[in-house]
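Enquirer: So you can see what is in the structure, the chains are spelled out below.
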Amino acid sequence: MRSGQQVWADAKVATKEIGRGFRSFWGASEKKKTGQYAAREDFFSVIDEEYTAIDESDISHTNQIQEIPQPAVSPGEKGGSIPGIDSFSSPRGSLVGIFQRVHFSYDSNRITGDQTQSILNRMAAYLKANPHTYIFVEGHCDQRGTGEYNLALGTRRANAVRAYLVKEGVNPDQVFTISMGKERPLKLGDNEAAWRENRRSEFKIYTR
Amino acid sequence: MDALASHSTSKWLFAFVFFVSFGFGDSSLSVKLPTQNKQLPTCIEALKIDHSLSEEYGYKLSSILQFDIYVSGKACLVDPKTHMRLVAMNNGRTIPDADGDSIAPSVRIYPKIQEGILTLDTFLNGKGVKAFTAPLSGELAKDRTIIHQMAAKIHEALFGEKSIVSQKILYTLNLKDSSATGGLRSEIWQADIDGYNARRISPQGDFCLSPIYIPKPTGKPDHVLFVNYHAGQPKLHTASLSHPYSEPTLSLRGNQLLPCLSHNKSVLAFICDAMGRADLFLQFFDGTSKKPVRFVSFKGATQSSPTFSPCGKKIAFTSDKSGSAQIYVTDIDLKKKAVLNRITQKNRQNTCPTWSPDGTKLAYISATDGIKQVWVYDFEKETEQQLTFDPKHKESPAWAPNSLHIIYNTLDKNKAELYLLYLGTAKAVKISAGLGQKKFPAWEPWAK
Numbered sequence: 001m002r003s004g005q006q007v008w009a010d011a012k013v014a015t016k017e018i019g020r021g022f023r024s025f026w027g028a029s030e031k032k033k034t035g036q037y038a039a040r041e042d043f044f045s046v047i048d049e050e051y052t053a054i055d056e057s058d059i060s061h062t063n064q065i066q067e068i069p070q071p072a073v074s075p076g077e078k079g080g081s082i083p084g085i086d087s088f089s090s091p092r093g094s095l096v097g098i099f100q101r102v103h104f105s106y107d108s109n110r111i112t113g114d115q116t117q118s119i120l121n122r123m124a125a126y127l128k129a130n131p132h133t134y135i136f137v138e139g140h141c142d143q144r145g146t147g148e149y150n151l152a153l154g155t156r157r158a159n160a161v162r163a164y165l166v167k168e169g170v171n172p173d174q175v176f177t178i179s180m181g182k183e184r185p186l187k188l189g190d191n192e193a194a195w196r197e198n199r200r201s202e203f204k205i206y207t208r
Numbered sequence: 001m002d003a004l005a006s007h008s009t010s011k012w013l014f015a016f017v018f019f020v021s022f023g024f025g026d027s028s029l030s031v032k033l034p035t036q037n038k039q040l041p042t043c044i045e046a047l048k049i050d051h052s053l054s055e056e057y058g059y060k061l062s063s064i065l066q067f068d069i070y071v072s073g074k075a076c077l078v079d080p081k082t083h084m085r086l087v088a089m090n091n092g093r094t095i096p097d098a099d100g101d102s103i104a105p106s107v108r109i110y111p112k113i114q115e116g117i118l119t120l121d122t123f124l125n126g127k128g129v130k131a132f133t134a135p136l137s138g139e140l141a142k143d144r145t146i147i148h149q150m151a152a153k154i155h156e157a158l159f160g161e162k163s164i165v166s167q168k169i170l171y172t173l174n175l176k177d178s179s180a181t182g183g184l185r186s187e188i189w190q191a192d193i194d195g196y197n198a199r200r201i202s203p204q205g206d207f208c209l210s211p212i213y214i215p216k217p218t219g220k221p222d223h224v225l226f227v228n229y230h231a232g233q234p235k236l237h238t239a240s241l242s243h244p245y246s247e248p249t250l251s252l253r254g255n256q257l258l259p260c261l262s263h264n265k266s267v268l269a270f271i272c273d274a275m276g277r278a279d280l281f282l283q284f285f286d287g288t289s290k291k292p293v294r295f296v297s298f299k300g301a302t303q304s305s306p307t308f309s310p311c312g313k314k315i316a317f318t319s320d321k322s323g324s325a326q327i328y329v330t331d332i333d334l335k336k337k338a339v340l341n342r343i344t345q346k347n348r349q350n351t352c353p354t355w356s357p358d359g360t361k362l363a364y365i366s367a368t369d370g371i372k373q374v375w376v377y378d379f380e381k382e383t384e385q386q387l388t389f390d391p392k393h394k395e396s397p398a399w400a401p402n403s404l405h406i407i408y409n410t411l412d413k414n415k416a417e418l419y420l421l422y423l424g425t426a427k428a429v430k431i432s433a434g435l436g437q438k439k440f441p442a443w444e445p446w447a448k
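Chains A and B, in that order, give the protein sequences.
Residues in the first sequence are numbered consecutively from 1, following my numbering.
Residues in the second sequence are numbered consecutively from 1, following my numbering.
Think of the hints as simulated: they come from the structure by calculation, not from any bench.
Quick caveat: nothing in here was measured; it's all calculated off a predicted structure.
Where hints are given, some of them may not hold.
Straight-line Cα separation of at most 27 Å, DSSO-like style, residue types lysine-lysine; simulated pairs [to be verified]: (1) Lys176/B <-> Lys187/A; (2) Lys167/A <-> Lys336/B; (3) Lys336/B <-> Lys392/B; (4) Lys336/B <-> Lys291/B.
Covered stretches of chain B (chain A as the covering partner; in silico rule of three or more C-beta atoms under 8 Å from a C-beta of chain A) [claimed, not checked]: (5) 105-116; (6) 139-153; (7) 173-179; (8) 253-259; (9) 347-354; (10) 410-418.
Here a beta-carbon is modelled for each residue, glycine too, at the ideal position from N, C-alpha and C.
If we strip away everything but chain A, and leave its shape as in the complex, we get (with noise of 0.2 Å):
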C-alpha cells in the first residue's frame, strides 16, 4: 500500500512525463506501442544454473517478462575461444555505414524511432550473414546522472541493443555488452547537444 507521499512522487513523474504517465502512475510494467519497440529481452532458457534467482514474483510472468542471459563465457576469460577487447577494434571501411552509433532519450534505454531501428536491422542483417563476426556493444550516458547510476543504464542500454539485435535473429553468443556509464563521453560540455551525443550505444568488432 503506497503512501500519501509515494502517491504524489508517482503523480508527479505522471505529469512530467505524459506518454509514459499512467503507466508509471499505475505501477504497471511497460507494454509495446504499435510503432515503436520498448526495451524487451527475449528468454531463453539458463544454459547452466550459474546462480540463484529468487526475487521470482517478478519473472513468473513467462510470458511478458524476456530477457536474454549474457553468453556464458565473456571474450578474453578463460575457457573462451574470443579474445578481449583488445582484439577488437571500431568499425572502419564499409563497416562504418553498418555499425552506427544509435542514441537514447534521457534516462532511458528505449530503442525509438525509424532511423534507430533502421540501423540495427541493417547490423542484425550483417551479423547474421557473416556468423563469425562479434561485437561488443557499449552503453552511454550523458554527464547528468550521478556516476554510479549511469553505470547500471549503460548495461540497459547495451542490453536494449542487444536484446533487439537477438529478436532480430542474431546469435546471441556473437554480442556482449559493456557498460561505460558516462565515464568516457564523446563530447565536453554541459549542454543538450552533448548530453545527446553521449546518450548512445557504440560497436567494437572482432572477425575470427
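Based on the hints, put chain B in the right spot on chain A.
Expert: Then chain B, alone, in the frame of chain A:
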C-alpha cells in the same frame, strides 16, 4: 475587531515572509546535523626549529598539522596571536575566517623540532596533556605520514576517540591520454585524506573504477576490490596494495559493477547484467550460498549502488522501478521474499546511498533544484535532510569510519574534485588537486 484581526494577520504574514526569505531563500544556508560534540578552540603556536631542518620545511610540516587538526572536526583552529578563528582553504592552507570572532584557545600545541625530532607539547586549559614526539626523516612524504599519526594521537588524547586524519582514501582518477582507448585513462589511486602521498594502485593501462577496501581481521587493509575493464566487460578484480596486479574475484557472466562489501566481509553485493538487466546480486562467503544470488530484479528497472548496514543483515540500494530513482532498504534473508521499504520521499532522483558505519544514517545524492546535493536520511527519526547547498554537483558520498565525516566528489564543468565534509559544521574542504577527475571515493576502515 476586524481591524485588529487584519493587523494581526499582517504581522503573521510579514513574519512568515521574513522567515521564508531568510530561511529558505538563502541558498548558502548550512545545515548542521546534531552531534554530541562542540568544537574545542585550538591554537598551534609558532614552530621552534633548530638547524637540523630548514624553516621552510618546518613551515610545511606545521601546515600539515594545522590541516589535520582542522579537518578532524572536533577542534576549531584559532590564530595564536590574534585568537581569530581560522578556516582551512583547499589543499591544506588555513586563513583567518573573515566572518569569525575572537576565541580564547582551550588547547595549545607547541611544536618544536630539535635535532630532527618533532615534539608537539599539548596543553588543555593550561594543563599538560602530553608531549608527543617522533623522529623526522627529512622526506616530506614520510614526514607527512608522521604528522598525520601525531595529529591522530593528539585527537585521541583530547577527545578519547579515534581520528580519521591518519586514514587513507581510494578514488578513481580519470586522465586524458591520447594513447588510451577513448582518449581517457581511468585508474585507482590511494592517498592520504589531505590528498597528498597519492599513488596508483591499479595495473598500468587497465581501465578501472569503483574501488573499495577489503577489511582484514586484524590490522589495516592490504587488499582492494575494484571494477576492471581489462578484457572488455567490466569485472570485479581484487588487488594487493603492495603491487599493481589484479585478478578476477568471481565468475559470473556479464558486466559486474558497483561492488560493496559487508563489514565482516561475509557478503559482496554488486550490479550485474547476467540476465540482461541491471540486477542486484549477492555473493556470500560464509557458506550461505556457493553461487551468486540474484537478489533484486525488476523488468524495465535499473538497480544500482548497493550498501550494507553495519550488521550486514540489511541492504540499501537505488532502483527506478517506481518511475524515478529512489532508495530502498530490505532485509537480507534468502528464506523469504524481499520486502522493499522505500525511504526517500522528498525528491525524484535519489542515488548513491551509503550506510554510515554506526548504522544510524544513510547519505545519498538527491537532485535538488537541478543540482545533485548530499542528503542524509536518519533511521531513528525517519527524516531526510539536505546537507549541502552550494551550486556544484556532487556524487558518490562515502562515510568515514567515525560516521562524522563524508567524502564525495564534485562535478563542475568536466572537473571532478574530492571534498571532505564534517557533519558537525556541514563545512566541506577540497582535498584533491592536480590533473584529472577524481571520483568514486572510498574510505579506509579502522584497523582492527
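Enquirer: Decide, hint by hint, whether the structure agrees.
Expert: Evaluation of the provided hints:
no.: 1; hint: Lys176/B <-> Lys187/A; result: holds (13 Å)
no.: 2; hint: Lys167/A <-> Lys336/B; result: violated (34 Å)
no.: 3; hint: Lys336/B <-> Lys392/B; result: violated (42 Å)
no.: 4; hint: Lys336/B <-> Lys291/B; result: holds (18 Å)
no.: 5; hint: 105-116; result: violated (count 0)
no.: 6; hint: 139-153; result: violated (count 0)
no.: 7; hint: 173-179; result: violated (count 1)
no.: 8; hint: 253-259; result: holds (count 5)
no.: 9; hint: 347-354; result: holds (count 4)
no.: 10; hint: 410-418; result: holds (count 3)
Hint compliance for this structure: hints 2, 3, 5, 6 and 7 are not met, and every other hint is.
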